[in-house]
Every structure is written in structure tokens, then in C-alpha cells.
Amino acid sequence: MRRLVPGLTLSLALAATLLGCGNDDGRETVTLWAMGHEGEVARDVLVEFEAAHPDIRVVVQQVPWSAAHEKLVTSVVGRSTPDVSQLGNTWIAEFAALGALEPLDSRVEASTAVERTDFFPGIWDTNVVQGETYGVPWYVDTRLLFYRTDLLERAGYDSIPSTWAGWKASLAAMKSKLGPDDYPLFFPVNEWPPPVIFGLQNGSTLLRENDTRGAFAERPFRDAFAFFVELFEDGYTPGVANNEIGNLYQEFSRGHVNGFITGPWNLGELRNRLPAEQAGVWSTSPLPGPEPGVPGVSLAGGSSLVLFRNSARKDAAWKLIEYLSLPETQARFYDLSGDLPARASVWESPTFQSDPRLAAFGDQLAHVVSTPKIPEWEQIATVVQEHAELAVRTGADIDSTLSQLDRRVNRILEKRRWLYEHGKLASASHDRAIETLQSIGLRAGTAGGGR
Amino acid sequence: MSRLGYQNGSAAVFLAPALGLLLLFFFLPVVIGVFLSLTDFDVYAIGNPGTARMVGLANYQYVLGDATFWKALRNTLYFVVVGGPLSVLTSLGVALLLSHRALRLQGIFRTIYFAPVVTTLVAVAIVWRYLYHPRYGLIDHVLSHFGISPIDWLGDPNWAMPAIILLAIWKNFGYNMLIFVAGLQSIPTELYEAASIDGAGAWRRFVHVTVPGLRPTFLFVGLTTMIGYFQLFAEPYVMTQGGPLGATRSLVLHMYEQGFRWWRIGEASTLAVLLLLITLVATLVQLGMQRTRKTNEIPRTAGPAPRGDAA
Numbered sequence: 000m001r002r003l004v005p006g007l008t009l010s011l012a013l014a015a016t017l018l019g020c021g022n023d024d025g026r027e028t029v030t031l032w033a034m035g036h037e038g039e040v041a042r043d044v045l046v047e048f049e050a051a052h053p054d055i056r057v058v059v060q061q062v063p064w065s066a067a068h069e070k071l072v073t074s075v076v077g078r079s080t081p082d083v084s085q086l087g088n089t090w091i092a093e094f095a096a097l098g099a100l101e102p103l104d105s106r107v108e109a110s111t112a113v114e115r116t117d118f119f120p121g122i123w124d125t126n127v128v129q130g131e132t133y134g135v136p137w138y139v140d141t142r143l144l145f146y147r148t149d150l151l152e153r154a155g156y157d158s159i160p161s162t163w164a165g166w167k168a169s170l171a172a173m174k175s176k177l178g179p180d181d182y183p184l185f186f187p188v189n190e191w192p193p194p195v196i197f198g199l200q201n202g203s204t205l206l207r208e209n210d211t212r213g214a215f216a217e218r219p220f221r222d223a224f225a226f227f228v229e230l231f232e233d234g235y236t237p238g239v240a241n242n243e244i245g246n247l248y249q250e251f252s253r254g255h256v257n258g259f260i261t262g263p264w265n266l267g268e269l270r271n272r273l274p275a276e277q278a279g280v281w282s283t284s285p286l287p288g289p290e291p292g293v294p295g296v297s298l299a300g301g302s303s304l305v306l307f308r309n310s311a312r313k314d315a316a317w318k319l320i321e322y323l324s325l326p327e328t329q330a331r332f333y334d335l336s337g338d339l340p341a342r343a344s345v346w347e348s349p350t351f352q353s354d355p356r357l358a359a360f361g362d363q364l365a366h367v368v369s370t371p372k373i374p375e376w377e378q379i380a381t382v383v384q385e386h387a388e389l390a391v392r393t394g395a396d397i398d399s400t401l402s403q404l405d406r407r408v409n410r411i412l413e414k415r416r417w418l419y420e421h422g423k424l425a426s427a428s429h430d431r432a433i434e435t436l437q438s439i440g441l442r443a444g445t446a447g448g449g450r
Numbered sequence: 000m001s002r003l004g005y006q007n008g009s010a011a012v013f014l015a016p017a018l019g020l021l022l023l024f025f026f027l028p029v030v031i032g033v034f035l036s037l038t039d040f041d042v043y044a045i046g047n048p049g050t051a052r053m054v055g056l057a058n059y060q061y062v063l064g065d066a067t068f069w070k071a072l073r074n075t076l077y078f079v080v081v082g083g084p085l086s087v088l089t090s091l092g093v094a095l096l097l098s099h100r101a102l103r104l105q106g107i108f109r110t111i112y113f114a115p116v117v118t119t120l121v122a123v124a125i126v127w128r129y130l131y132h133p134r135y136g137l138i139d140h141v142l143s144h145f146g147i148s149p150i151d152w153l154g155d156p157n158w159a160m161p162a163i164i165l166l167a168i169w170k171n172f173g174y175n176m177l178i179f180v181a182g183l184q185s186i187p188t189e190l191y192e193a194a195s196i197d198g199a200g201a202w203r204r205f206v207h208v209t210v211p212g213l214r215p216t217f218l219f220v221g222l223t224t225m226i227g228y229f230q231l232f233a234e235p236y237v238m239t240q241g242g243p244l245g246a247t248r249s250l251v252l253h254m255y256e257q258g259f260r261w262w263r264i265g266e267a268s269t270l271a272v273l274l275l276l277i278t279l280v281a282t283l284v285q286l287g288m289q290r291t292r293k294t295n296e297i298p299r300t301a302g303p304a305p306r307g308d309a310a
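Line order of the protein sequences matches chains A and B. Residue numbers are given in numbering that gives the first Met the number 0: position 270 of the first sequence equals residue 269, and the series is strictly consecutive. Residue numbers are given in numbering that gives the first Met the number 0: position 162 of the second sequence equals residue 161, and the series is strictly consecutive.
FYI, nobody ran anything at the bench for these hints, they're computed from the structure. One or more hints might be untrue.
[Claimed, not checked] Chain B is faced by these chain A residues, among others (derived, beta-carbon under 7 angstroms):
#1 E39
#2 A96
#3 L97
#4 G98
#5 N189
#6 V239
#7 A240
#8 G245
#9 P374
#10 Q378
#11 K414
[As the list claims (entries may be wrong)] Facing chain A, from chain B, some residues (calculated, C-beta under 8 angstroms):
#12 D39
#13 D41
#14 Y43
#15 I45
#16 N47
#17 T50
#18 R103
#19 R109
#20 Y191
#21 E192
#22 T239
#23 Q240
#24 P243
#25 G245
#26 W261
Every residue gets a Cβ at the ideal spot worked out from N, C-alpha and C, and that includes glycine.
All chains, full assembly: derive it from the sequences and hints.
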């Protein structure tokens, strides 16, 4: 016991110092959680923020992506949320449903720094759940086509055609130049984005009746799904998962697979991983659309900054969000992290316009839509992937596969239907989705009629 | 009588901390788990507990009618029934080799064979994914010398579970091997000598000395391996994420996804309760098998005659 006492006193003193150090200079301390690489570079852009706001101190906590979701949910349940956090924009609906996020509409309205119209509309829309805005886009990503330019040229094309039919013809031409075990494309069958993207391109809303039932057996998605499955049947992409092909970059370098749909993170990966003499053999292209004049939309991805409802320093925290949204900060953040800026005005600078691979992303970002903004979406996406894999691997009948998919999805959404029928949910999300689709020139709701 | 009561009282005082901890960290969670399995607690309920509903046995009804559950159960049983015995036999075989008198440097071999047990599975998985690769993998390369065309180990729904079993055996056999080595050392060498003098060859010595001598070890290894194999999770989680076509989705992986990916806590709790019941039944069956085997053998192992009750 005698030995214990000094130790105890020491640790108490230490704890007191640690607890006290936040307030010893009278500044307000705002905590920011940032994931992965963003967490590493965020500090560098915050130096200027702290210089401009001598009364605010920002503590950045770096959270690895693999643990981020669980840590965030745990912090919500345990009421130990930070003031501000980076949040993958597909997670916003979930945390809004948890009641963890502060609605930002009035703050955005009053702000001069966060200029709503300067953000890519499809990206902004991912932050709006049931009619309320819960996040401000920090950086964006979307998926488009990465391809081998040398193979495309050998097949007699100088760019990726802009319609499904034209694209398919180019795939056939490329396939004819390849051996039986090599492919012009690679869509891993364990990933959900390709079939979902084609569905969205064809005007499917994926879900119906205020996101309480699946709309996968309906015409727009059904036709897109058939197009997707044909790409496998015609031998343009191997029907395997991404853990079955070893190293994707090696396969791409060796010409075993010659194209894939993926995001901006692979710009850097390909630059680093391909041998120097192959630096010029690949490029990126916006996705083809189903018909002439209909842009091929892609997914609105990226991360937003959110303010937690439990925060005791919302005004200071909002200043931080405003600062990170400024075009100058966004440009600087791109230099540090390589993350694509969320504001369209930043994209006008030569940095983005002079690099065609990057410019393709700018073009694609004008045509992005969000997936249904409900907490169940990620689970639904996996079920979509499972059924796509089933159709590809076993050649199962498309219509019965999609009816089965709708039944699975309807079961997942049972709780949501109940909440909706008992007036525990507002009904704005569906109309919003249609509005967004229309705002980017897509014939939502009418799709399928002409096909 | 009162003395007994006093003894019980002081025993209770000494046992209280342990019992309290057990109650708090074992029984209470089980009770809460059973309770949650009767609700539809989900992501909406985390935000607003008012939206949770008592649903009675609806979760059980749904899970028992869900093809994904039965598939996961089939996969798990496949893993337990095929992988369990193979794993135990591998451990036993290696333990026998290691205990052979002719073997030098036993310590080094023991360490080598134990190494996979303490290696991080994630690191191991990366290496094994390459071993299983149909184009570059070592395994298919070796098989091709015997005229066997490449097998898509992790991509073919028929081969994915055997691939997981192979990995699991390689990863885990070292642990049981050590227990068998200890078990072998506890068999008195006199028995072997006596058997040799009676003219028993290596095989008969194994069947009539080693196997009966290892019986308690078998019971322990068999039970822990079976219970452990029912908990199959990490291997498919890092190797296949349950694919291809759900061929390697185990019950625990299914439960994890329902609970911590989709926050369907009610359904995940239902799965946990069902897995508990299944494991319990399987354990009782195995214990029963061991007991009948023992009863059958009583006439043969005519041990020392039971001493009469002297008192």
C-alpha cells in the first residue's frame, strides 16, 4: 500500500495535467476526426486557420478507414463524438438516422464561404437527407473508365465511344485483337458499382415508394442489368472476383485486362506501379451513356465534413468547416493529398485542365448521382452484387434473379416501410432524387419508355 | 450443520468476486443477447430506441426460413465435419513424428510447426492468396506436373471451402500438435517395452498403447477443436469475404455482417443464440460418443479391481 500511494498521486497529477491542457491558454478546442491519408495532411492546412482564428485550436485525430465506421458509431452511442468529422458521403444517411448530425441549412444559407451553387450538384445532393443538409462536401470522387490506349488504337478507335452500343462495338474490336484469356475490361464480380452505375445511367431510381421497396425488376434497371451481364457472356470481361486475379496493376501492365471502372485513387497508383516505359499507355474517359445525348452518369462519392449535434462548440466548429470549403483551401488540399476538390470553380485552374486524365474526372463529376440515401443502402448494394454475381457465374435467368433481388430488398426495407407508414419518417427523399436527376439533364422517371 | 453453513458463507465471500465478474461479463450479456433476439433492434433504434419493437419469435421464424442462414450453417458444418477431424489427425501425425526417438533437433521442428499458430492471419492470407492463384500460384503449378489443369481455388464455389480448410489446418495444427506431444510424453515407456516384449509391432503398439493412452487428450482436443471450428470467421473474412457465391460464408461471418455491418442487432442476436444451441447439441453428441466408447471398453481394460468401500 505504501508503494502504491506515490504512484497513484503521480498518475492523478498526470491525468490532471492532460485534462487541463486543453484550456490552459483560453482557446476553444475543436476536435476534428479525419480518416487515413486525409488525417495525415489535414494538420498542414490548419496552421493558417489557427493563425486567422487565434481563439480556436484544432485537434486532429487520425482514424484509420478500416476502423472509422465502427469508431464513429461507438462514439455516437457513447455520446463521445468529436465536434467535426470527415464522413464518407454514403454514410451520411445512416448517421442522420442515428440522430447524430446537426442540420446545416441555416448555417449554409448565412455563409459566404460555403457557396452552395459552386459545388457539383450531384455531390451536394448526397448530403441532403429527407430534405435537410447534414454535410458540406470536402473532397469528391467518382468512378470512370481507365483503359489501355494502345489496345484501343490497335482496334481502330481514338477515344471511348459515348454510347453503350458504340462502346460495345469497340469492345468487340478490342477482344478480336486479344487472346482467349485476355480481356478488354475487368468488372470484379464481387463489387457492386458497375451494375448499379448502369442502372442509374438507364434512369433507374433503384428503389421506389419513398425508398421502401426495390425497383430492380422494373424496366430501367432490368435492361441495364441485361447489358451488364452480356459484357461477361460476350467475353469482354472475365467473370471473377478481384481477389482472384492477383495484382490488378500487373495484369493491366501485361495487357491481360485492359480496362476497369474505378476512382481517382488509381491515378496515383497507376502512375507509381506501371513501369516507366508504360507511362503513356493508359488514359481515363467519362462513362458512355445508354443512348446518344444521354450522359453516362456515375456515382457521387467522396467525403463530407459534418457537425455533430452533441458538440458544445458548434460556432467555432462551423468556422473550421467554412475554412476547409474555401476554394483556396481546397486547391491547397489537392496539392497535399491528391483528393479532388468539391468546388467546380477550383477545377477551372490549369492544374486540372492541362491533365486529360484528371480533366475526364472533372467532366464526369458534372454527371454524378447519389445512391439511395437511406441507412440500409450499403446492405442493399451487397445484395445487388450477390445477385449480379449469381447471374454472371451461373447464367441464372435475369428476370427471376431480379424478382428474387426485389424480394430480398423488400425484406431489408420492412422496418423502413413500418416507420414510414407510422409517420416516423418524412417523405422527401424520393422527390429529391428525381429533382437531382433532372437537374443534370437525365430523363428520370421516363426512362425505359422509349426502349 | 451450522459449521457447514459457516463454511458455505466464507466460501461465498471468496467466490463472490469471480462470480460477480462472471455474472456481469458472461451471464448478463447472454441474457441481454437472448432478450435482443426477441426485438428488431437496428440502426433506427440506436438513434431512437422508441422505434425498436418486441417481435417475439419473428426473428427466429425469419432466420430459419432464410436461405442465407441455411447456407451459412451448411458451410460451417462442412468446415467442422471435414476440417475438424483432418486437423486433429494432422496434429496427431506430426506429433507422432516429432516424438519419434530417431528425430534430432525436435525443439527446432516443434518451433517451426508452431510458427503458423502465432503468425498474423492477415499476413498469412496474402501469401496463401498467391499460393492459390490459378495463373501464378505454386499449388496449381505443382499440380500441373501431374497433368491436373489449374483449379481456381478461391473463385470456384466448389473449391473455395476446401481451400479455406487447407489454410485453417496449416494455420492451426501446431496448437493441437503441442498438446498431443505432451499427451504422448505422459504415456509410460514401460507400456511400449512390455508390448514389444509381447511381440507387438509398431502398428499394434500404436493401436493398443498410444491410442488408449491418448484418450483424455483426444477428448480435450476433439471438443476444443470442434467448438473452435464452429466459430469459423477470420479465414473467410480475410480470404474471400464469404464468397464466391456465399460458398465460404460461415455462421459467425453472417452474424458479424448482420450485427456490425448492417446493425441488425436483433437478427444477429438470434443467430448468436442459435449458434450457441447448435454448439451445445454438437458438444453433447460428442461427449455422448466418447462415453459410449468408454463403456464398450470396460470389459477389455480390466484395470485394477475396484476397491471395496473400506469405510
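Hint check results:
| no. | hint | in the structure |
| --- | --- | --- |
| 1 | E39 | violated (22 angstroms) |
| 2 | A96 | holds (5 angstroms) |
| 3 | L97 | holds (4 angstroms) |
| 4 | G98 | holds (4 angstroms) |
| 5 | N189 | holds (5 angstroms) |
| 6 | V239 | holds (5 angstroms) |
| 7 | A240 | holds (6 angstroms) |
| 8 | G245 | holds (5 angstroms) |
| 9 | P374 | holds (5 angstroms) |
| 10 | Q378 | holds (4 angstroms) |
| 11 | K414 | holds (6 angstroms) |
| 12 | D39 | holds (6 angstroms) |
| 13 | D41 | holds (6 angstroms) |
| 14 | Y43 | holds (6 angstroms) |
| 15 | I45 | holds (6 angstroms) |
| 16 | N47 | holds (6 angstroms) |
| 17 | T50 | holds (6 angstroms) |
| 18 | R103 | violated (40 angstroms) |
| 19 | R109 | violated (33 angstroms) |
| 20 | Y191 | violated (49 angstroms) |
| 21 | E192 | violated (54 angstroms) |
| 22 | T239 | holds (7 angstroms) |
| 23 | Q240 | holds (7 angstroms) |
| 24 | P243 | holds (6 angstroms) |
| 25 | G245 | holds (7 angstroms) |
| 26 | W261 | holds (4 angstroms) |
Taken one by one, the earlier hints fail for this structure at numbers 1, 18, 19, 20, 21, listed in ascending order.
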